[in-house]
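Student: Now for the letters of each chain:
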Amino acid sequence: MSKVRVLVGTRKGAFILTSDGKREQWEVSGPHFGGWEIYHVKGSPADPNRLYASQSSGWFGQLIQRSNDGGKTWEPVGNKFAYDGTPGTHKWYDDTPHPWEFKRVWHLEPSHTDPDAVYAGVEDAALFLSSDGGQTWAEIPGLRRHETGPGWHPGAGGMCLHTVLLDPNDPARIYIAISAAGAFRSDDGGTTWRPINRGLRSQYIPDPDAEVGHCVHRIAMHRSRPNVLFMQKHWDVMRSDDAGDSWREVSGNLPTDFGFVIDVHAHEPETLYVVPIKSDSEHFPPDGKLRVYRSRTGGNEWEPLSQGLPQSDCYVNVLRDAMAVDSLDSCGIYFGTTGGQVYASADAGDTWAPIVRDLPAVLSVEVQTLP
Amino acid sequence: MIRVVLPAHLRTLARVTGEVRLEIAGPVTQRAVLDALEARYPMLRGTLRDQVTGQRRPFVRFFACEQDLSLESPDAPLPDAVASGNEPFLVVGAVAGG
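Going down the list, the protein sequences come from chains A and B.
Residue numbering for the first sequence is 1 to 371, as defined by the working numbering.
Residue numbering for the second sequence is 1001 to 1098, as defined by the working numbering.
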């Protein structure tokens, strides 16, 4: 029988949750790296036992941990993230030039084909690549050197490169997203980049239709259709059918179109999931009710999913990397909250149950479906 | 022989218990101690000093002989009691946050 392994990064360590294909009984392993912030843990699609974790601390900086046995044991690997050449400046909150300074790794994206190749999206925004299993890291400088780079501003959480999507059919195509510069695409393996923000409209920036400056929170794709992208922007849920060249809003009947996470059903590329959050100053669900919204029509028409989720006095947030899906039949959906709960649905969102209730604040959730 | 006391998180990372003992040839300075520490325990690279700038991390402090040596030159000699091993060189995570 298949198994699932849920990789959870929290404010105070990593946790690994495992179950069989029924997804009813769970084993909890952790905390791994107790006391450290674990922004992200992700497994290699090419070798599910190869995991990478981003471990950081305000005291002791950034570490990268690697496991070759599915998270039973770990070893620290390379943690030197040096910007290519003279870093230069981006814009600070007050519009003054500010030097690029490495702060932490937000997201690790292993290659589809090579367990030793892994991308790191970092703050201040840049993309790094390791080709030796995390031992050494080199910046892919074309992104940060894009002509718009000196004008990028940080979002409220810092100027983070938080999303890295690799086209499963075209190794040269990479999508990334930065708060608050927007989305970018490379079609040549990272050498050159273009902003892909046409159609985004952000009332909180001087030019709502600007080429860059949009606070993109998360982008998702279905691996069978890598040209179709779904985006949770600061406000607005968006869709692109042309690899990001243009976007249109699909917020439809959502109770609020603010939020962080967005993901796609493993077997239904037009079925989407978001967790609406009340507003950018009230980072909790509307009416104290935690509800996932599902669209089976690629957006615009959304239905609330609440069975098994708290429907009163719930004021948690669900952060941008904290939702994932498995590839079992039926598709499992998982998300973690800042209140330390990890919820799972084994029936594509119809019903939910907590796997754990009392972890530290959850920063990220990834899922591996294992044979 | 130099005695170094690491904070708990870094002892866990380096997989050591208790004090670390280092042999240092030449002048005993902060830089010499940290270089020897990182050579023995490569996983500590970047945790005490930024790997690009070489600067001490803001929330890492160095104490010895009831003195805060954090702001001393990294090439200044450490107290004789540290160089002789009578007193440990303390690496401290600053009390910060809630």
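Derived from the structure by calculation, the hints contain no laboratory data.
Treat the hints with care, as some may be off.
Said to hold, decoys possible - Computed list of lysine to any residue pairs in SDA-like fashion (alpha-carbon distance at most 20 Å, straight line):
hint: 1; chain 1: A; residue 1: 103; chain 2: B; residue 2: 1083
hint: 2; chain 1: A; residue 1: 103; chain 2: B; residue 2: 1053
hint: 3; chain 1: A; residue 1: 72; chain 2: A; residue 2: 46
hint: 4; chain 1: A; residue 1: 80; chain 2: B; residue 2: 1085
As the list claims (entries may be wrong) - To spell it out: a stretch of chain B is covered by chain A in this simulated footprint if at least three of its residues, at any positions, have a beta carbon under 8 Å from a beta carbon of chain A; those stretches are:
hint: 5; segment: 1002–1013
hint: 6; segment: 1054–1066
Since the structure is predicted, the reported quantities are computational estimates derived from the model, not experimental observations.
C-beta: ideal position from N, C-alpha, C; glycine also.
Student: Would you mind marking each hint as holding or not holding in the structure?
Tutor: Hints versus structure:
no.: 1; hint: 103(A) <-> 1083(B); in the structure: violated (34 Å)
no.: 2; hint: 103(A) <-> 1053(B); in the structure: holds (13 Å)
no.: 3; hint: 72(A) <-> 46(A); in the structure: holds (18 Å)
no.: 4; hint: 80(A) <-> 1085(B); in the structure: violated (32 Å)
no.: 5; hint: 1002–1013; in the structure: holds (count 4)
no.: 6; hint: 1054–1066; in the structure: holds (count 3)
Figure legend: structure checked against the earlier numbered hints; hints not met, in rising order: 1 and 4.
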